[in-house]
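Since the structure of chain R is already known, use the hints to place chain Z on it.
Spelled out from the first residue to the last, the chains are:
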Amino acid sequence: MIEPNKFWWMIKKELISLKRHPARLVSIIAFPIIMILLFGYGMGGEMTDLPIVVVSQSHGDLTDLTLNTIKSTETYHVVEVIDNLNDGKKRVDSGEVKAAIILPADYDDNSSQQKGVTLYLDSSDQMASQIIESSTQGIFYRLSNMVASQTSVSTQDANITPSLSHSMNNFKDDISLHINRIYGNIKYIDFLVPAILGMTIMMSCMMGMGATIAGERETGELARLFMTPTSVSTVIGGKIAAKLLIELLRALILIFMAVLLFNVSIKGGFLQTFIVLVIGALCFVGFGIMLSARTSTQEDYAQISLPFSMPMMFVSGVFYPIETMPWILQKLAYIFPLTYLNDAMRGIMLKGQTLGDVWFDLVVLLGFTLLFFIIGVKRFNRDV
Amino acid sequence: MKNAIETVNLTKVYNNNFRAVNSLNLEIPDKSIFGMLGPNGAGKTTTIKMLTCLIQPTSGKAIVGGYDVQKNPDEVRNLLGMVPQQVSLYKDLTVMENSQLCADYYGVSKDERDARIEDLMELVDIKYAKDKRVGQLSGGQKQKASLVASLVHRPDILFLDEPTIGLDPTTKRTLWDLIRELNDNGHTIILCSHDMHEVDMLCDYVGIINTGNLVAYDTPQGLKDSLLESNKQEMTHALNKISQESDADASTKQDFHNLALKKMSILLKNQDDNIIEAIDNFDNVESIEIARNGRINLRIDGFDDMAVHNVLNQIISSGGIIKSIYTEEPSLEDVFIKSTAEVNEDDRA
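Chains as they are written, first to last, in my numbering: chain R, 1072 to 1455; chain Z, 877 to 1225.
Next up, chain R with everything else stripped away, as it sits in the complex (with noise of 0.2 angstroms):
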């Protein structure tokens, strides 16, 4: 049975430290700032003004469509226009440009059947050579409609080996691809979000409240509380309400911050988001009830918490869609909480679901609350 009064006094006890402590609250402000910051314009960004060269060894019109083209396009930054193949490569060799476009000295002459535009890409960097590979199929794939003639762009790994080059000839066709976004044009940061709102929660939670409880522990003030006529569900249930009044203002900043600062979309609603994340934080303050339960130092509760919160962290699908995972991977991604937070959060955010639409990651949240505080407050010891 919990004891209002004594419930409240946990929570006061939270507000008069951070009251007293700035620093601490302006860290509570903070943190969620940074990892936005952080994961929004590290992680979550658009990839523009990547280094790049031209080698030109033609000259006419399409030259000079082409070249014009090309400085266009946001994705490149063209550093020169130059005429000297080998320099070009040994640019591109050196890690000075990304990749050097090369037009044959054949590219501007109209008798030519087949113009071979090579792309020399450093493919080292896998994220900026898909962007520069799939701009410049654009591009020439534009550029071969217009003037109604065969063009045709080679890619030629600069690090590797020229095998894995490869012709993308026969541009022109007479299919016509039409994209239906159903959820409209999500960028990546827009599938981040919802993720890095869901893993700050997590860490925070889960990390805050074992830390708390075990740094109690340590100290004896724990000790004091359960000397008390008191049980433990009250003394647990006060920091649980303390640590979760904290937890939410926090997910109040993280949210405000990426609609501010990513224009992030919250299709299904702020209430409907801030009713997840508060399912959320509840199951994680009780993963972190149930770790701390028989820790005695804020040492060992780091060293427990690690294996749980590292793995979860890369498998929940908060980086990648957990289906380009290998299968273990998969599968044990179904068994960690922050999938089905991330998968609610998403379908909230994202897709415009409601509540109803998540019903199952929710009740498989809830389910793992439940089972967390079960576990937590029967093993949880008095014993200091």
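The hints are simulated quantities; they were obtained by calculation from the structure and are not laboratory data. Incorrect hints may appear among the rest.
Said to hold, decoys possible - Covered stretches of chain Z, as calculated for chain R (at least 3 residues, CB under 8 angstroms):
(1) 952-962
(2) 967-974
(3) 981-994
Small disclaimer: the values here were computed from a predicted structure and weren't measured. Backbone N, C-alpha and C fix where the C-beta goes; we use that ideal spot for every residue, glycine too.
Okay, now just chain Z, sitting in the frame of chain R:
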């Protein structure tokens, strides 16, 4: 006499089969100050944890204030206060806030709470710091704040775990006075300490625990007297044995003989050779030396109850004027070392 605490075959065996407390039978009289002594790892902390309902006994029984710790833990908790060695108040809360928190956790009514806290603060002289955060207090102030928080629900029994460790002598004496005052007010006090002087000064009864067993229990003076008596018996036995063994070497005989001697130190106002000679010729005096500060250090026959009296008479009758006398009696520390050493030897055997 009514007992505040009684244990019957109280035992705690941890999961790793370590028997921390082994069939402990202990009686702590109501309204007494009881000193719980024992070396590190002896089982004191485990005993206290069982008595304060922090851990469950493996077997046996513990009755605290008339309640069984296993059957009525909340009733027991209401009767207990605890001042731990490490101050366990919230450092970010003030002395007042910490006391209020404890009062609310013990269910003290709001009407009484603040007045009670103010009274306790006056009693322990910490009222001037009531709005200070615990983290900003000195060691002595923290202990006083801890006392207030522990007494706010008016417990019958108060556990003090090394309450004066790390405190300066003045603060230590203030706390000692306070402990006596609390006892006068009717609190039973269980004092765990490694400071033998503190225990000797404060406690009505002392129990020495070693390897989970109660190895000695009496009043402090009773323990010292029993050690003296036990020493006498041992010495007599050893000396008799040695005198019968012609092959015992001289140094062994001397070692046992020296153990039977009592040290006495006298400072005279008018020291002269006649007085020294008179003392030296006295039968009870085994050896005499003059220290650099003029003090006469004697070794006299410890078995003769009249030895000190006779030596002093001899000095006075020789015209000596005594400024100060010091005789070395067995201390509680000697009792502690002997009691715990015996058990350790038994364990090794």
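Check whether three or more residues of the segment 952-962 of chain Z sit with their beta carbon closer than 8 angstroms to a beta carbon of chain R.
holds (count 6)
The segment 967-974 of chain Z covered by chain R? Criterion: 3 or more residues, Cβ-Cβ distance below 8 angstroms.
Holds, because 3 residues of the segment 967-974 of chain Z bring their Cβ atoms closer than 8 angstroms to Cβ atoms of chain R.
Coverage criterion applied to the segment 981-994 of chain Z (partner chain R; beta-carbon cut 8 angstroms; 3 residues)
holds (count 3)
The structure fails none of the hints (numbered hints given earlier).
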